[in-house]
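Number of protein chains: 4
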Amino acid sequence: MVNQKGEVQCINDEILEKLSLKNRYKFLNYNLMSFLEKEHLDFLKKAQKFFIGFENRNNITHNEDFYEWIPEIGKEGLITRINNFDILDMNFEPHGFTAEFMRTLATDFFDPQLTMGMGANILAINPLLVHHEDVDIRIKALKELVTGQKNGCICITEPERGSDAVHMLTTCDQQEDGSYMLNGEKIYQTNGPKADWAIIYAVTEKNSGNTMGQFLVDTSWDGWKVERINIPWTPRIHLGKETFTNLKVPPEYVLGKPGQGREYLFEGLNLERLGIVILNVAEAWNAITHAVIYANMRKQFDQMILKFQGVGFPLADLWAETMNLTLSTLNVCQRVDKKVEQFGSVPKQFNLTLMATAAQLKSISAKLAQKAAYECANLMGGAGVCDNTLMQDLLGITRIQEIGGGTRQIQQYIMSLTLRQLFKLL
Amino acid sequence: MVNQKGEVQCINDEILEKLSLKNRYKFLNYNLMSFLEKEHLDFLKKAQKFFIGFENRNNITHNEDFYEWIPEIGKEGLITRINNFDILDMNFEPHGFTAEFMRTLATDFFDPQLTMGMGANILAINPLLVHHEDVDIRIKALKELVTGQKNGCICITEPERGSDAVHMLTTCDQQEDGSYMLNGEKIYQTNGPKADWAIIYAVTEKNSGNTMGQFLVDTSWDGWKVERINIPWTPRIHLGKETFTNLKVPPEYVLGKPGQGREYLFEGLNLERLGIVILNVAEAWNAITHAVIYANMRKQFDQMILKFQGVGFPLADLWAETMNLTLSTLNVCQRVDKKVEQFGSVPKQFNLTLMATAAQLKSISAKLAQKAAYECANLMGGAGVCDNTLMQDLLGITRIQEIGGGTRQIQQYIMSLTLRQLFKLL
Amino acid sequence: MVNQKGEVQCINDEILEKLSLKNRYKFLNYNLMSFLEKEHLDFLKKAQKFFIGFENRNNITHNEDFYEWIPEIGKEGLITRINNFDILDMNFEPHGFTAEFMRTLATDFFDPQLTMGMGANILAINPLLVHHEDVDIRIKALKELVTGQKNGCICITEPERGSDAVHMLTTCDQQEDGSYMLNGEKIYQTNGPKADWAIIYAVTEKNSGNTMGQFLVDTSWDGWKVERINIPWTPRIHLGKETFTNLKVPPEYVLGKPGQGREYLFEGLNLERLGIVILNVAEAWNAITHAVIYANMRKQFDQMILKFQGVGFPLADLWAETMNLTLSTLNVCQRVDKKVEQFGSVPKQFNLTLMATAAQLKSISAKLAQKAAYECANLMGGAGVCDNTLMQDLLGITRIQEIGGGTRQIQQYIMSLTLRQLFKLL
Amino acid sequence: MVNQKGEVQCINDEILEKLSLKNRYKFLNYNLMSFLEKEHLDFLKKAQKFFIGFENRNNITHNEDFYEWIPEIGKEGLITRINNFDILDMNFEPHGFTAEFMRTLATDFFDPQLTMGMGANILAINPLLVHHEDVDIRIKALKELVTGQKNGCICITEPERGSDAVHMLTTCDQQEDGSYMLNGEKIYQTNGPKADWAIIYAVTEKNSGNTMGQFLVDTSWDGWKVERINIPWTPRIHLGKETFTNLKVPPEYVLGKPGQGREYLFEGLNLERLGIVILNVAEAWNAITHAVIYANMRKQFDQMILKFQGVGFPLADLWAETMNLTLSTLNVCQRVDKKVEQFGSVPKQFNLTLMATAAQLKSISAKLAQKAAYECANLMGGAGVCDNTLMQDLLGITRIQEIGGGTRQIQQYIMSLTLRQLFKLL
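Residue numbers (the working numbering), protein chains in the order written: chain A, 7 to 432; chain Y, 7 to 432; chain P, 7 to 432; chain R, 7 to 432.
Same shape as in the complex, but just chain A:
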């Protein structure tokens, strides 16, 4: 078996071959083609072609250190499509949220852990895109991240302040030369141990979100210490616990001065959450695609298991939920793209609407991704829980999906606040 993922083969050759990246892409495309514009369908197929070639050329089994692949993916312009990056003379086309959705689908089917890892790079890209102010070092960092030459991470969450990002304990003290000295601890940063560039949030006064600043940090500096923490569900992604000890940040690296950080933290949250929604949708499709192919081939009691209603019907239900969420997400992406096209950026009013919409889709998509992976694995029996396919990666990743980007409770809190505000308008 070419590109064998697990050491001991638990699934027969015929099925493993049918589960190839190419076939899985085909299944996905048949599902989406009627609902995509030509431009986006073409881009999806082009990205898929790249990953099929990339997998073949490098004999990839998806047990490798995926961080090594990122430069080549960056060269292809597939790290993010959120912007055309004309500031870097890139001119990505198509770009925008629908394009980003397509990119994520293609990337996730290829390697889900890679996709999640690259997602953390995007989180570092976003603030640089908005706050580079044409400062050379910021443009340089942005370019290195967008092209995949370097990796990035953002540092918000702290050991004693998980969901409560506003009451930070990490401090930033301004020095006489205009630089800032950072001290404190952060935890659960995706890419932390691999990051060349980090975006760090810190406050001048502990627990006071109004004094928050936003800093770009070169992780080769003194004062940055990182330990890799073990999240067994994503064994190839490096997550970190970082300690800052008199970590000195020169003035040109200060993206947001104390007082600006809080707003900067929240400004990108909608789009970031939509990014997570897209990721979750991609994982659900990947799991369902595996299960559909498997159930159409695996025989038990002399019949392909799809034809047993006890298998085929629950699978159909998962497919329905995934399609429903996909159509909804596409709708939102297209609307955001339209607004950006029309107004240059997302209008303030629409961004307020998006806050609720992103929370709604984030919470739904995280639940669906985990359900799809878990139930599809069940329908595949032993084949679903062994290490021969990407179901292994999907089962693991989706277990932790509700925690990133704000727990379920945070999303519920945002939503219930909105229900209060909407009532007041009546």
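Since the hints were made in silico from the structure, they are not lab data.
All figures in this text were calculated on a predicted structure; none of them were measured in a lab.
Among the hints, erroneous ones may be present.
The list cannot tell twin chains apart, which means a pair is met if one copy fits it or any two copies do.
[As the list claims (entries may be wrong)] Only pairs whose alpha carbons sit at most 30 Å apart, straight line, appear in this in silico DSSO-like list of lysine-lysine:
1. Lys430 <-> Lys32
2. Lys146 <-> Lys430
3. Lys305 <-> Lys430
4. Lys377 <-> Lys11
5. Lys55 <-> Lys430
6. Lys24 <-> Lys212
7. Lys212 <-> Lys305
8. Lys44 <-> Lys430
9. Lys430 <-> Lys313
10. Lys344 <-> Lys81
11. Lys44 <-> Lys344
12. Lys44 <-> Lys313
13. Lys52 <-> Lys344
14. Lys44 <-> Lys345
15. Lys344 <-> Lys32
16. Lys313 <-> Lys377
17. Lys313 <-> Lys373
18. Lys11 <-> Lys430
19. Lys231 <-> Lys32
Fit chains Y, P and R to the known structure of chain A by using the hints.
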């Protein structure tokens, strides 16, 4: 209390007034406005304005026989917007599926049982629209139905053949004069006892779907007998059990000859199911709107109950699911409208896709509507189950929503078949 | 068809006959016999025999006013088995919670609305049993209720104080002659309009639970006014909204003086909630029994629908959940009975444990009863939602099951408080 | 931190210490004490004491190879309590299913992966217990397994015959000397690579379950080859893929001749499935105990998160479901024990009932265990998915729980068959 619905008041004046049709419309509009084109938002508001006026003018308490309202609603062009009906010199604008969605939302917030009853009229309109062949009597029936002067129903389901529409027992025997003689029993026809026009399916040979014909019947003819059956969940809608005894159908009333009926039966099914999806979405919104207003006003333990996370969070989750389904349904409606605009009708290939999509959204929306009504009623406590608001109607209707338009199992069957066909393309 | 329930027949004779009370009892007994002691199985069968005979003798169709049946049921000793009632020289054997479970199962299969209505009588019996203090009039009321000669209700819930029973607005003012004058409004009292005896809670100071008293009231007195409210889900049960205007309660009718009422209100709550659990379990079994019989007989596509996994598997899952809850409830009933046998009453420590257990099983059973009724109705298609069987009653009743005895949120609140207390013991 | 499980600490000392084995046991005991007989509560506490001492003495961090611990656990009589093993002169007291439940609870709180691994030993013990026929070598194997000196596994599942155990491909050919030659492949055997003794099922004729035999195999023999397969969710449990190449089994090792194997395979299935139920219940309790302790200590927004209803209420619901299943399982265990006490073994009629009951509780418990672990991990945020506590092990194990002992579909199939049989009795 004006327009009091129940005899004994269980909810206080302040809350009952806030639950007015006008306020509920406002809440809905705030939720949808960012995702609608101006044309559709305007039409939604216009339809809402009509129903607010209609309710006030007639002092409606929603305990009335709604069938009496239909002519006036028809005059306003609010029975269906599926077509512009230029064949009747109507030129409804806007029309199409998105417009139909708007019309249904406005109508359902006004009166859910009316909306479901009018839905059965639309089911009779559809085959006439496609198969009138400019025959006078058919055009006449079509016009009477579209304008609400008359009511209609379709007769498919039989006592011993529920989900299995193809193995019918009702027979049609051709007579020497070209007319057909119908004999048999049908059951569960919405509007059956109120229908002036009926569309009946029957076969020349029992159990043989290939011999099916489609007939337009004037219910004043001899041979048509109808009993009202008691479905306690929709007390104001009349459902029927019909017996045909030598019911004679003249040639010009034969919409589809034996052999054509089966195809005719299935051809409209996608769009009909989408109609049901829209109805379900509207009911979910109606229930959620009631609960959001109530939870923002009702105090327990000295605090509005929305602020208890035990109330506010589950409500937020229902709202999220309803928004998700709404965005997805809007996407499908817009895409269907685009195709029809482009090609004049839904292209065959896209109609095949729609078969799966309609089954997916139908099964999801039926479950969501019942969940939303049940859970919102719970969150409203006694106020949710008494007869003072439309929650009464919503609780009842949503209990039977999975059965109309094909049970959950029928939808799952269609979907799992599609998963087989998609696999074969790989 | 003998004993036809609905006017228009929607289900064929063969199936309707198989759904007879006798057959449904048989199915239930096969499920339970391995898990019951002989004494309880025998009592269950004896009660079943009574109801089969009662139904036949009286040609009951379950559309009747069931309140008229209660005297005869009381004569048979089947109104409650919570106690042997030796105080009334009754000596019911078997008695206790397991016996009460059996009694409820037999009664609910016969007529669910009757069973719920009689449950309200029991709520009035409990405080009299504990607080009669051998006062003649209280013993008289107790006897009339236990023997079914009279009906009773308890008045806790108020229009503005639903779940918050402690902050009552109904007042009791002591008069010079030792009597109390009651003023205020209550709402949602089961049996309210039919009650001869009422147990009323009222406070000397509004919103102050510590001043609560408990009163026995003869509803023929001046100052008691009751309106029947319309809860469409239980059309044959009479629920009331009561207004007390200078309702004078003589001293011997004062069960608990101001200050004692709050404790009296809570003391019986555990056992009352267990009573509701039992009721819910009985309804789930009743629904499942209907669906199992129907699915074994109804054919579609030439096969009994049980054999379609899409029908048989979900039905099996509901059956599993119902059996699980039944075994758990039986365990609790047997343990309570053992404690009472051993100590004469439920020991205080065990009663504290029961507070959490009752909340746990109450919330689970209410959800299960509604799910079982809804899903079984779906599996039965049109037959599940028409008025030909008791499914009609079960669908309606289970819609409101989460509200009685404390909403879901109240149960969750009790449970989460217990989790705090348990932690403190660590 | 003593006994630190993960390398990098993500949870603070205070909470980690409160999560100690001793405290978790205490929480469990407070929940169960009111529902256990003294004999079983005492045994539970004794087993807990052993594991607390064992953990301390050996400085266990639960990253170790647990197979090395089994001999000492065996010496303590804690490998299984299903029998008193008087055949081995053991006389375990208490024994039976309730005792086994207690043993499993104590063991699982200590180390879930160990508990699952030891469970596979029990699967090998069961057939030896029933079919040793006093043959020396079988008694020897039985003793070695019960005392933990050796490990065992059973070999049923094959690569191409997952859920379909009856249509085996592994063959057994009788030789002239009365021995059997085994050839074929098995897969997903827990303990396979660690087993000293294996119970193998094979057929004389492929796909013919009626020709099945049952064999005891010493894994040091030629012809036994095993590869460890990688199931990432249980990293410390060794699962195997075994290849038998002319594996020769002498006559005294033939537990069941061809023709007897099928019955032998099914005979123990009920009790085995109840064993899995117990395991699932234990895992649910373990997860909930972690979350309750954590939620009572972790503060966010200056308040312990349990007090946020958004956290405390879902946790309460999981606790309710787990208690419900526990009470139900206890009921079944007690009833089985009673029957065995009365009749010496489980009576045939009761064993038929148990087939349905075991399928019911197996399917419910597997779903609950996964839900409890997943949702508790979510409620614990990052602390729930890192490697600092046993939540890591619980999250992993519960992902695969539905597959062992027959998939959900197999349980549903058994149940729906029973619903058919029960109907026929009416």
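Honestly, which of those hints from before does the structure not fit?
Of the numbered hints given earlier, those the structure breaks are 2, 12, 19, listed in rising order.
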